[in-house]
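What follows is the residue order along each chain.
Number of protein chains: 2
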Amino acid sequence: MVKTYNKGYRAERELVHLLYKKGYAVIRTPRSGRIALPSPDIIAIKNKKTIAIECKYRSKPFKMSKDQINELLEWKKRANCDVLIAWKIPRYDWFFIPIQYIHNGNVNKNTLKNALTIDDL
Amino acid sequence: MVKTYNKGYRAERELVHLLYKKGYAVIRTPRSGRIALPSPDIIAIKNKKTIAIECKYRSKPFKMSKDQINELLEWKKRANCDVLIAWKIPRYDWFFIPIQYIHNGNVNKNTLKNALTIDDL
Numbered sequence: 006m007v008k009t010y011n012k013g014y015r016a017e018r019e020l021v022h023l024l025y026k027k028g029y030a031v032i033r034t035p036r037s038g039r040i041a042l043p044s045p046d047i048i049a050i051k052n053k054k055t056i057a058i059e060c061k062y063r064s065k066p067f068k069m070s071k072d073q074i075n076e077l078l079e080w081k082k083r084a085n086c087d088v089l090i091a092w093k094i095p096r097y098d099w100f101f102i103p104i105q106y107i108h109n110g111n112v113n114k115n116t117l118k119n120a121l122t123i124d125d126l
Numbered sequence: 006m007v008k009t010y011n012k013g014y015r016a017e018r019e020l021v022h023l024l025y026k027k028g029y030a031v032i033r034t035p036r037s038g039r040i041a042l043p044s045p046d047i048i049a050i051k052n053k054k055t056i057a058i059e060c061k062y063r064s065k066p067f068k069m070s071k072d073q074i075n076e077l078l079e080w081k082k083r084a085n086c087d088v089l090i091a092w093k094i095p096r097y098d099w100f101f102i103p104i105q106y107i108h109n110g111n112v113n114k115n116t117l118k119n120a121l122t123i124d125d126l
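Same order as they appear, the protein sequences are chains A and B. To convert, take the position in the first sequence, counting from 1, and add 5; that gives the numbering used here. To convert, take the position in the second sequence, counting from 1, and add 5; that gives the numbering used here.
Honestly, the hints are just simulated from the structure, not real lab data. Just to be clear, a hint being listed does not mean it is correct.
Stated by the list, open to error - Mimicking PhoX-like on lysine-lysine, the simulated pairs with C-alpha atoms at most 25 Å apart in a straight line are:
(1) A:Lys53 - B:Lys26
(2) A:Lys54 - B:Lys53
(3) A:Lys26 - B:Lys71
(4) A:Lys51 - B:Lys82
(5) A:Lys51 - B:Lys51
(6) A:Lys81 - B:Lys26
(7) A:Lys82 - B:Lys51
(8) A:Lys71 - B:Lys26
(9) B:Lys53 - A:Lys51
(10) B:Lys81 - A:Lys27
(11) A:Lys51 - B:Lys71
(12) A:Lys81 - A:Lys114
(13) B:Lys118 - B:Lys65
(14) B:Lys53 - A:Lys81
(15) B:Lys27 - A:Lys82
(16) B:Lys53 - A:Lys53
(17) A:Lys82 - B:Lys81
(18) B:Lys54 - A:Lys27
Based on the provided sequences and hints, a complete structural model is requested.
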């Protein structure tokens, strides 16, 4: 469990630097020290284009909680920005799924049809 | 010193909630756990309008380091957003000074002429 957390953490940090290299201004909220307000893992902004990213490091399809989806939708509503679920499949790529394509919290092969890649960002 | 840090921290947290109440989506970077990339203390976004905020809790005029100013300017360049120095004077209000009005890092009474208040945000 600790191992998965560390790998997920490392992947997330790599994504931050990847976005920075692409010219984005990037900010990351660590797990600890969270304020009691909904916030995605990463905010990246490039020339007024903002993307809010929730990172998931998972080898298999997964389900997001209703609460987490609602928090992200609240963020989307306030900021009026793109909110993406970044699914990192171990030893494979990142897939960025716009939150509007996620139904009932299910993230699976079907959802990947609407995924963006890092080159699209 | 610890006391000042705590007061500054509390003030910063209050500002986060103030912005949230004004309808902003807000994210805060804690001091610890920073990624090795320039990042302001707070990012607030409301309907595509983004402000990046560096908080300073000081009873007297102060000077910001060249490095910190440059980091914030790099952020401004990438994100193309407003970057504000939020000066909280103890037992008084917050003053939000757009970074372009800060010369040689000096934040003082003179700079306050160009400051915004919370109502302007």
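Outcome of the hint check:
1. Of the supplied pair hints, the one linking lysine 53 of chain A and lysine 26 of chain B holds, its CA atoms being roughly 23 Å apart against a limit of 25 Å.
2. With a C-alpha separation of about 8 Å, the suggested pair lysine 54 of chain A and lysine 53 of chain B falls inside the 25 Å cut-off, and the hint holds.
3. For the given pair, lysine 26 of chain A sits about 23 Å from lysine 71 of chain B by alpha-carbon distance, which is consistent with the 25 Å threshold.
4. Restraint check for lysine 51 of chain A and lysine 82 of chain B: the C-alpha separation of about 9 Å stays at or below 25 Å, so the hint holds.
5. Taken as a hint, the lysine 51 of chain A and lysine 51 of chain B pair is honoured in the structure, with Cα atoms around 16 Å apart against an allowance of 25 Å.
6. The straight-line distance between the Cα atoms of lysine 81 of chain A and lysine 26 of chain B is roughly 16 Å, inside the 25 Å bound, and the hint therefore holds.
7. As the CA atoms of lysine 82 of chain A and lysine 51 of chain B are separated by approximately 9 Å, the hinted pair is consistent with the 25 Å bound.
8. A hinted pair counts as satisfied when its Cα atoms are at most 25 Å apart, and lysine 71 of chain A with lysine 26 of chain B qualifies at roughly 23 Å.
9. For the hint linking lysine 53 of chain B to lysine 51 of chain A, the alpha-carbon distance of about 12 Å falls within 25 Å, and the restraint holds.
10. Taking the CA atoms of lysine 81 of chain B and lysine 27 of chain A, the gap is near 15 Å; set against the 25 Å cutoff, the hint holds.
11. Using a Cα cut-off of 25 Å, the hinted pair lysine 51 of chain A and lysine 71 of chain B holds, with the two alpha carbons roughly 23 Å apart.
12. Taking the CA atoms of lysine 81 of chain A and lysine 114 of chain A, the gap is near 24 Å; set against the 25 Å cutoff, the hint holds.
13. The suggested pairing of lysine 118 of chain B with lysine 65 of chain B holds, with an alpha-carbon distance near 16 Å, which does not exceed 25 Å.
14. Annotation: proposed proximity of lysine 53 of chain B to lysine 81 of chain A holds, straight-line Cα distance about 10 Å (limit 25 Å).
15. Only pairs whose Cα atoms come within 25 Å are accepted, and lysine 27 of chain B paired with lysine 82 of chain A is accepted, the gap being roughly 13 Å.
16. Simply put, lysine 53 of chain B and lysine 53 of chain A have alpha-carbon atoms about 8 Å apart, close enough for the 25 Å limit, and the pair holds.
17. Taken as a hint, the lysine 82 of chain A and lysine 81 of chain B pair is honoured in the structure, with Cα atoms around 24 Å apart against an allowance of 25 Å.
18. Of the supplied pair hints, the one linking lysine 54 of chain B and lysine 27 of chain A holds, its CA atoms being roughly 22 Å apart against a limit of 25 Å.
The structure meets every hint from the earlier list without exception.
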